[in-house]
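Asker: What follows is each chain in one-letter form.
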Amino acid sequence: MTTPALELHGIVKRFGPVQALRGADFTLAPGEVHALLGENGAGKSTLMHVAYGLVRPDAGAMAVRGRTVLPRSPRDARRLGLGMVHQHFTSIPAFTVAENIALSAGWSVRPKELRQRVLDLMGRVGLALDPDARAGTLTVAAKQRLEILKALAADATILLLDEPTAVLAPSDAEELLRVVREFAAGGGAAVLITHKLDEALRAADRVTALRAGRVTLTGPASAQTPDSLARAMIGSGAPVHGGPRPAERVERASLIRCEMLDLPREDGRGLALRGASLTVAAGELVGVAGVEGSGQRELLRTIAGLARPLRGRLEVAAPVAFVPEDRTTEGLIGELALTDNVVLGLGRGAAWVHRGRLDWKAARERTSFLIRQFGIRASGPDAPAGALSGGNQQKLMIARALELAPRVVVAENPTRGLDIHAADDVWQRLAAAATAGAAVLVYSSDLDEVLERADRAIVVAKGTVTAARAGAGKAELGAMMLGGQPGGRP
Amino acid sequence: MNGTGSGLRAGAAALAIGLLLLAAGLWAAGFDAAAALAALWQGAFGSWYAFTSATLVRAVPLIVIGLGIAVAFRANALNIGAEGQFYAGAIAATWAGLHLGGSSAVVAIPAVWLAAGAAGALWVALPAWLRLRFGVLEVISTLLLNFVAESLVSWMVQGPLQEAKHIYPQSDPIAAAARLPLLPGTRLHMGFLAGIALAVVVWYVFRRTVWGFELLATGTGPRAARVSGRIDIGRVTALALLWSGAIAGLAGGIEVGGVSYALFQNLSPGYGFTAIAVALLARLRPLAIVLTGIVFGALEAGAQAMQREAGIPAVAVYVVEGVIILVLLLAEATGRRARTSVALPDAEADPA
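The listed protein sequences derive, respectively, from chains A and B.
Heads up: the first sequence is residues 1 to 490, going by the numbering used here.
Heads up: the second sequence is residues 1 to 352, going by the numbering used here.
Some hints here could point you the wrong way.
[As the list claims (entries may be wrong)] Derived Cβ-Cβ restraints for the label pairs, each shown as a range:
| # | chain 1 | residue 1 | chain 2 | residue 2 | range |
| --- | --- | --- | --- | --- | --- |
| 1 | A | ASP267 | B | THR334 | 34 to 44 angstroms |
| 2 | A | GLY349 | B | GLY25 | 36 to 46 angstroms |
| 3 | A | LEU271 | B | LEU287 | 45 to 55 angstroms |
| 4 | A | ARG265 | B | LEU132 | 44 to 54 angstroms |
| 5 | B | LEU130 | A | LEU271 | 51 to 61 angstroms |
Don't read these hints as lab results, they were simulated from the structure.
Note that the structure is a prediction, hence the values are computed from the model and not measured.
All C-beta atoms in this analysis are idealised placements derived from N, C-alpha and C, irrespective of residue type, glycine included.
In isolation and in its complexed conformation, chain B is listed as follows (with noise of 0.2 angstroms):
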């Protein structure tokens, strides 16, 4: 399509004067630009195994969480908790895969990535019947509740799910049949294929089905999607938000199966944050959303080994990140305005 190009050619664009950015500012801070990009390149694409084990290992639970809050976006309801409902989904994965050391992978992946789902959902239940009770807006009530996921990750790892020797803050490691395949000589595991699996089902679900049309009617009209009479509002945005909160929750289950194989505190480095600027840059679309995960991946990436070979620290990637997302929000700023211009003459037809 159209729009896709144009969208792809802008984000190009953004990354380039992100990356500028990000040079000139460690130029005039005295550090050596070029060895820094040249290492947040060679950390997210200088090898094979960079790109697989770094790069891609890291956008595998961007790519989930962003496909979540696509279906959440779509309706409008603002899932700002995905990165909680990610470590609950992390805290019934572990729990579920402590549990499950005698049945073969065949079973106990399936229970894990279910328990993790199944916990995601949970998370945002609450929320999601705040909202549709009394009007509580979700944005805050889905905030809000990061902060008790957080806190109950560091009860389970000091508390119920503490490793057999109660010393560090972590669980013991979830039985072997419960973790995913690697790919040969890398990192990267099952879960990346699972992602682009959800990604076209989402696709498919966005495109193909009454419900995806439903959610796009929801969102982006609510009131004429109600007078329609065809349509139960309520029922479509608690549906996509507890939707939305299963996928980030199997995120934290895929990546407790496939990264960690424990649970610890900060398993996220906010993973449930910058997948929503994934998510928004893609336009919410599910196999756009495969593409900018994997920037954002090999930016966490390489930030890492900036931060090893230059010493450079990480979070000055952290400008790439935001001037990527000013830059596109302005660019799709002024070419709206260029498309409300062109539409007056009918605006100013009938503005009633």
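One chain only, chain A, in its complex shape (with noise of 0.2 angstroms):
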């Protein structure tokens, strides 16, 4: 057998109470790519960020190319030929692209000579970007791209990938491992951290499974199915789902009248959406499907109240229950306690307020009783919001939102990160919503969760909204959101 590009041997660790890993082991073989998978919370990312020595583990050992050693930084890991992209994205808004690279890869920032190293790389790596760019204009995609070029600049032989693809639409997934692929059949290795099981099998060669922190499968790519893949993750065989649900329309009103709306861009610059319009029933679940930056978010925040059309009729029952993506900063306040984040989200009209007074007690049993009810794990109703999981936050999220007893829901991209069993919740939370009769209407950047939750699905793209044919397939959907696309946005 050839010497293992990186091989991670019993490794260890706990934080604090949580025992992250309990002695897992994970080898890598030179050419190949390696998903790694498993639920929020199994390890996978801590084993990476061990390889990447950004953790320190309590035991274990590791060798590099058959070299025993353990990095003590990223420095230390980047020196062993190994380079990672996070998550989250970590590169320097006001920078450009080619300056961020140079930051990241420790080359000179001489104008001329680093663009033509830059463009030797792009060319390289078969990625393309504008070097000039600042990367705080780029699309997430184009994001997404920049890290990779970041962490291949350095000439790295071994790519460790925390989730790549979590926030890109089917097309620029694909392009990703494309060229995570050629990657790994140019002679490096890489390690393709995910949650999405067709995706593992597709791309990789090789998949390993976590579960809390042990590994429970290893193997061949071929040798697996999704369904092997979701017990080796899950233990218990996959996750039922409801799939969608029985479709007994009865004519209902309409909670959500959109017609001909003009939405201006969330940056302020032109229209997001032109001559918009979308009717929502009550009891209805609509799946919103769109590349990243097509206007679903402008549409979204519209109806949810948070910005005005600049033209059209709007008529949107009340409550509204909103559920933002970005559930740290936007959604939750993570430094406050999970109390202070539910009467965040309820207002002045809550059961809690007297006259402007607060009943403390009243609002904290109340959110004691929402964590037993979603199943959301949290030491109590004082925890901070921050120190939860990202599933866990989720459901919190979610747990508020349908505490207004809402007539309409709009939620964005409430499965980003989770795993299937957070996810599956979620979705369920959502259909008992539209069941109870709320008007339903939730973005997803997974096509196939739009596909296969929804009662029925529109399209954002090219500045229109549109709906999908009943029974259309994902081919059909994934046109219809590159329809017309203009390429490379800025």
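Since each chain sits alone in its own frame, please combine them into the complex, following the hints.
Answerer: Structure representation (structure tokens):
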């Protein structure tokens, strides 16, 4: 057998009361793409953070190309030929693409020389970007490309990617996976952390699944099925989700009615949507598909009452519950307790507000109730919201939204970054709200989810809103999403 | 609460370190450090009279302004202009006090306070409006208005409010009815009680009212507060600034009615700035502000005594104040680092 590119052996790591890794083994062969699967909190990211020198293990050993080493910092790891693409973006918005790459690779910033080096790099990797564009102005997909360029700039031979496709539209995700495959074919080795099963099966040579800090499966991807992977990740077989809800559609009142809306872009430059019309009836769960930046964000936020249309008619039944995409800056205040966050969401109309006074005891009791009812894993209503995992934060936001007894629910990417269990739970809650008579409008960047979970889908592309044909498949929706999408948006 | 206990310990330790460094500095400069510290102590706590008439009298404006600063800072509206608002309040209080000769104290004192509070709010109204309308940073606008306020005072005491003989740069004394009652045998005035009552009120507002919560939510998570659709963060910020200015202005009114009885230049030895430290050291907690206000009042009172008795410039005490702030900031920063490393697994699970 050839010497593995990267070997981790018996890695143990505990964070306070949380045992993140319980003796995990992982081997990455040269020339392969290796998918690392697991639910939220299974230890995937932690294991790769150990390899990249971000986390020091309590026990265990590591070897790079046969040499036993344990990087003490990312700088060490880069010297060993490792590169990492993090889940969140790590570029400096005010710097240009070229400057960000130089910063990360330690290159000189003499403009001409740098430009040429960056262009060479892009040619070599097969990813194109404007080297002079400021990182802050890039689209999500372009930012992700920049992250990969940064990781590869320093001549990395081992690439660690932490859920790189979580925020990408299908076509952008495909491009990214192609780059990763080419990198491996050229003699590199890549670890792809993901919880998308089909992606793992499609893009990876081998897969390793983690559950609660232990490896539960490792082997060639070709020998696996989505079901076998899900079993390895969760232990109890794939989660059961209801699929599309029975469509016994009686004529019901329209709770969201948009007619010929013109919406400004969020950054104020031009129109996001022109002449958008949409009707959602009570009891309907409508999915919104669209490539990032197509105007779905503006549409949802206008319906939620956070932005105003320039023209057109908009009627939305009150109360409206809005679940924003960004859990930690827009949804919740991390420093404040769960109770405070519930109080925040319900405002002055809540049962615990009496003429401007706040009955914290009542708010706290209600929060405790919601924690139990929604199975939120938290130490209690006084725990800071920032201490919860992503899935539990999402549950809290959904619990809070439904606490309003809303007639309209608007949710942005509510399952982003969640594992299958948590995502399933979120969809079931949203479906239950629809069944209870609310009009529910959900945008998801995961097209499979939209197809599977929504009663019907609409597609936002090229500044317009189009209803998808009943029974339209993924390919048809994907084509609609990209339909006439001008390439290379700034 | 747990946090208060550890805060108190850290504060005491910071005070001790500050005093030690002061002693070391004085010793190194050839002063008799023991005598200096003894004078400091005597001046602040040496007698009932020193405690009430020096320490507590200086603590009153620090406490009241500190409460005002806490209101703004809680909403993350950084009002650095309390000094100016204090002077605006003092001007209005003097004007009102000069015109209330015929009325009784029951009318005159509230009228003076009302005028002072209104003037303080008015002084911050421009920064509040600029922030709301154009997003101008209140840190800068409130700071700059301090200089305007100081110039306004010096014009007032040489112009419209100058004493009748037009010799001295100060106003005539305000009417007796507008002066605050004193604790017999001391110079401590009723403003101290008002400060404590105000601390309780602010505490209640922070802890028990929706508006107090809205201040906190706006201060800690402005985007979340806005997206919640329940809070008009512009309005909350502007109101926080206005109330903050009103309270700082009230402090000016209390100072004129309780201590100076007239308007002077340099009425405040920088109370508006020291009070920022007072509020921050108390972590914006109203009841703790009473305590930190007294500690800083004691330092200022002791500094005067030290200058009188041991010939050491009073400014030396700023070393102690500075060290206290540095030590506490350091303690907080290390405490935060300890907390974040424990919170890592969650951050790791969802960095998005």
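Asker: Evaluate each hint against the coordinates.
Answerer: Hints versus structure:
1. A:ASP267 to B:THR334: 34 to 44 angstroms: Given range 34 to 44 angstroms: holds, Cβ gap about 39 angstroms.
2. A:GLY349 to B:GLY25: 36 to 46 angstroms: violated (58 angstroms)
3. A:LEU271 to B:LEU287: 45 to 55 angstroms: Holds: the Cβ-Cβ distance is about 53 angstroms, inside 45 to 55 angstroms.
4. A:ARG265 to B:LEU132: 44 to 54 angstroms: violated (24 angstroms)
5. B:LEU130 to A:LEU271: 51 to 61 angstroms: Violated - the Cβ-Cβ distance for LEU130 of chain B and LEU271 of chain A, about 31 angstroms, lies outside 51 to 61 angstroms.
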